[in-house]
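Enquirer: Guided by the hints, dock chains B and C onto chain A, whose structure is given.
Keeping their order, the protein sequence lines are chains A, B and C.
The letter at position 181 of the first sequence is residue 181 when you use my numbering, and the numbering goes up by one with no holes.
The letter at position 4 of the second sequence is residue 1004 when you use my numbering, and the numbering goes up by one with no holes.
The letter at position 18 of the third sequence is residue 2018 when you use my numbering, and the numbering goes up by one with no holes.
Incorrect hints may have been included.
To be verified - With a straight-line Cα cutoff of 30 Å, these simulated DSS-like cross-link-like pairs (lysine-lysine) come out:
no., chain 1, residue 1, chain 2, residue 2
1, B, Lys1131, B, Lys1282
2, B, Lys1163, B, Lys1097
3, A, Lys213, B, Lys1024
4, A, Lys213, B, Lys1531
5, A, Lys213, B, Lys1511
Unchecked claim - Over 10 Å on every C-beta distance to chain B, these chain A residues come out as not near it, computed from the model:
no., residue
6, Ile26
7, Asp83
8, His86
9, Asp206
10, Ala334
FYI, nobody ran anything at the bench for these hints, they're computed from the structure.
Even glycine gets a Cβ: it sits at the ideal position worked out from N, Cα and C.
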Amino acid sequence: MSIFTSSGLSARRLTSLGHRLGIVAITLLGLLTLTFLIGRVMPLDPVLSIVGADADQSTYDQVYHQLGLDRPMYVQYFYYLRDLMHGDLGRALLSGNSVAADIARVFPATIELATIAILFGTCVGVPLGVFAATHRGRWGDQVVRVISLCGYSVPVFWFGMMGLIIFYAWLNWAGGAGRIDLAYDGLVESRTGMLLIDSALAGEWDVFWSAVKHITLPACILGLHSMAYIARMTRSFMLAQLSQEYIITARVKGLSEREVIWRHAFLNILVQLLTIVALAYGGLLEGAVLIETVFAWPGFGSYLVSSLLLGDMNAVMGCVLLIGIIFVSLNLIADALYQVFDPRTR
Amino acid sequence: MKKLPFLLAACALSVSLIGTIQAKTPADQLIVGMSMNNLLSLDPAGATGNDVLEINANLYDSLVELDPNDTHTVLPGLAESWTITPDNKSITFKIRKGVKFHSGNVLTAEDAAWSLQRVLKLNLALASGWKSYGFTAQNVDKQIRAVDPQTLVIDLPEPADPKLIIYTLGTSVSSVILDSKKVMQHQKDGDMGRAWLTTNEAGSGPFALNDWRQKDVLLMSRFDGYWRGAPKLRRVVLRHMTESQTLRLMLERGDIDVANGMSVPDVEAMKKNQNVRVESVKRGTVYYVAVSVKDPKFADKRVRLAIRNLIDYDGINKTVMPNYGVLHQRPIQSGLPATLPNPGYKLDVPAARKLLAEAGFPNGFKTTIRVLSDPPFINIATNLQATLALGGIDASVIPGTGNQVYGAMRDRQFEIIVGRGGGGAEPHPHSSLRALVYNPDNSNEAKLTNFQGWRTSFISPEINSLIEKAVLEQDAKKQIAMYQDIQKLYDEQVGAIQPISQMVDTVVLQKDLRNFKSHPASTTRWRDVFKQR
Amino acid sequence: MMTQETMNTAPLLEVQDLHVRFQSGGSLVDAVRGVSFDLGREKLAIVGESGSGKTTVLRCLAGQYNHWHGRLAINGEKLGRKLDKARCRKVQMVFQDPYGSLHSRHTVETALAEPLRIHGIGNISQRIDSILTKVGLPTSFRYRYPHQLSGGQRQRVAIARALILEPRILLLDEPTSALDVSVQAEILNLLADLRQKEGLTYLLVTHDLGVVAHLCDRVAVMQQGRIVDLLDCSSIVGAVPEHPYTRMLVEASRHYSREMVDAAQAA
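Isolated chain A, as found in the complex (with noise of 0.2 Å):
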């Protein structure tokens, strides 16, 4: 590759990176608008949130005009755009808390979870995929067929219900409901908000075994549906390799059934692999309410879903602008790693 060619590329990447934020930026503001428009269509009214049922008109009304309700829906929507412009998600209607405060205090607990969750389903998706491939139509492909079934039809909710009854209630392996025994809450400082990580760092090792015993049940349930996904979809890229000439080639070439499988097979389907993955990431990162309402996990998928039942569309609109930005990133990530290891896109 001469020095020309290569700058020329870059040039072109640069243009349709360009493009490519324009489109991110259409997608992100439809995303907000829509959402707004279904917040105020919606039957969700925050003031009674606030109010309660019960409070007279007067203060209805007075709160009604507080949180800026009786503007225009175009004026409100512009003074929203208006303060995201400056970085700021606005106040929580009901708390009256900042939107990013709130985000950022549920959001690492998600993120631990969800990152716990997808390791393990990774971890354990991949090989299983692999194997069933590899052993097509045989009793081993049979068994990862019943388990990824049951990853997917069973509700996460009863694989919650069971894995507190049998390895907290029966079994004590599992630390219950919480990220962390109660003892313990609030010894560590908060640097992350993912605890894991902030007792890691304070050295406080009683504390990260906690939260481990905690995690660790909610994470494997969560990652099962993942893992169920991942195994499939491993599988079927496998099969779609392993059926290629260039294997027979390296078979032919000498090299072990070992080295077939992952230095050749396993190699061309990483990338296809990684974006997989990174989407079932997206998605667990969007929170999972189910499972944060059986394990009492402070997520953000409860924190969405209460705010959306009381109409606090304020709340609702960060959340939404947050997994928009996380999918969009995603893509972009996913795209990006095929660039970096598909030689074919170079």
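Expert: What follows is chains B and C alone, placed relative to chain A:
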């Protein structure tokens, strides 16, 4: 292979060993599992819902308290004593000396006056009750005032039963006394500390707030300088848990001491558990079926009577309501001297059909039932839907959040609602009637949205004037008779709100908890609670 | 090598009564039913339409299937079912599709170096240069990825890859059918040259009699898993074969392959 039986045995053994270990919460901490979904603000002037009542009853003190064993008995709190003038127009409170706030500031009558004035000046959720006594943001400085640091005077702006106001002082979350100096340090844009008090406290109660992470955990710790003497518990932890089965497991494992808001099957299961105690307490509110009289169908008394005959009171109270409520059919809460025995309304389909035919609906009609999607509301509604169908009425159920259901009711946009209400924290007939029946102005423009009577558009001038007179009657016997007349009239005129059940609140506690007394007005106080181990 | 061959009277490649059976869906399919042939220093082509079992025979020899019955031998040494390294060095294979047979994320260099590394052969860089030159590619191509090559170039890389282990026998599975007609000729010529220079033995599978005529001495015609006809190449160019199936194949391919053979001969 030889090892297998041994391994299995070892596993079984370890499992059985582990199974018997019951974790214990720390002896000096109270761990409460509850839903904090409706806990939005701790500000006494703006906090709605029952959860905050219990929390603020422990962070703050009020002038008086109602005895949890007999709510008619008013006990002294920050007020050592009080006197009511013979004309029933003024109450004077003697404020206790030597009470200190968590900040160290000394509590005075000025703090008390300021706290109560603040409620009206901010005009938030909790102002409604005070406004119904005639207090306004304008007159409150005059009507509620500190004469000296130890004396607080409340002059009634309108004639009323002063007992009622004293009950409100003992039950309303807006009646707690704030540290005015501390709050004013945190004032922003003239909000009288509203923003700050949403997530902070400035009280004198037995516990001080350490940390509140919304929908996660609320931590409070013992206030050693508490005027009644430091509480026995060092720390109280409220943890947000919405899933009933999780609460149950945590309770069984001994990881929480108190569980609020468990589902009926779980409560029933816990009744068999030797280690826990199930405590139920009646509240002042009632579950009801309300119709909108604005709707021409329900404007006809015969149709309302038909509906009354199409509710399966026994069935609902036996199958749906255990641990949620007990049969009650009067608009005044049960257990008061004035409350008449239940009139014995029953499901009577032939009578209902006859009434509907007379009213011109021999084949019934179509209608809707708006209802909260949570138990027991939704269960009541489906039961009602089935019995209405027996009378030929085809009702579709529209479930929603509390916000949606009561929002529609406040807008008078409904046909039938299954709901809960009735004020009723104050153990006084007026409290129930004001909330459920009283409707001084039925016009749409009046927007008396805080009166459920107005929301249903049901108006009865006789009942209205009786309610107004009864609350002023000084002779207790005569007053009771008047309240009984109101109930009879309500029965005859077939009011738009038909109570079916008196609300019951159920908590499940660890057996070793002592002095935990659930309060009918939700102001359960933990200052004397300890664990007997 | 030469001495060994002269001493050894056994044929270079021996296939005796080869049977292969596949499970397809619920039923069993006999893909190869009793195929036998010997191969010396000559070029044998197996022709037949798709599904006749010709590729299966090739893959058995390449060690891709291990459920065959019968006897396979090289230089009189019986072949096991499993592919081992020694066999890899004796027998190599070139596939039909140069797009699919090269790993898309490996450079030419990686693809060529890997077999050398596996078999512990040194001088990797030199050998790569020399083999690229042999197949008529510039040595600078070693840094390219398959997608940066044309179809013909890829097939040259595939042939280089097969030859880098210096096998005696080269199995060719329709080596030109995925290529443009003009390129087919180039590859055929390359294969013909290499055979002469390197002293290789070819076993070619094709459905294209034109290719056979250009590259082979003898033709085995397969139909439904059996060899139905075995004849000299000269007899299919011009003459009318005896076996009706062979005749049909010849008729079918004559029209198509004429121009290609012409192009090859012109090149």
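Enquirer: Report the numbers of all earlier hints that the structure fails to satisfy, in ascending order.
Expert: none
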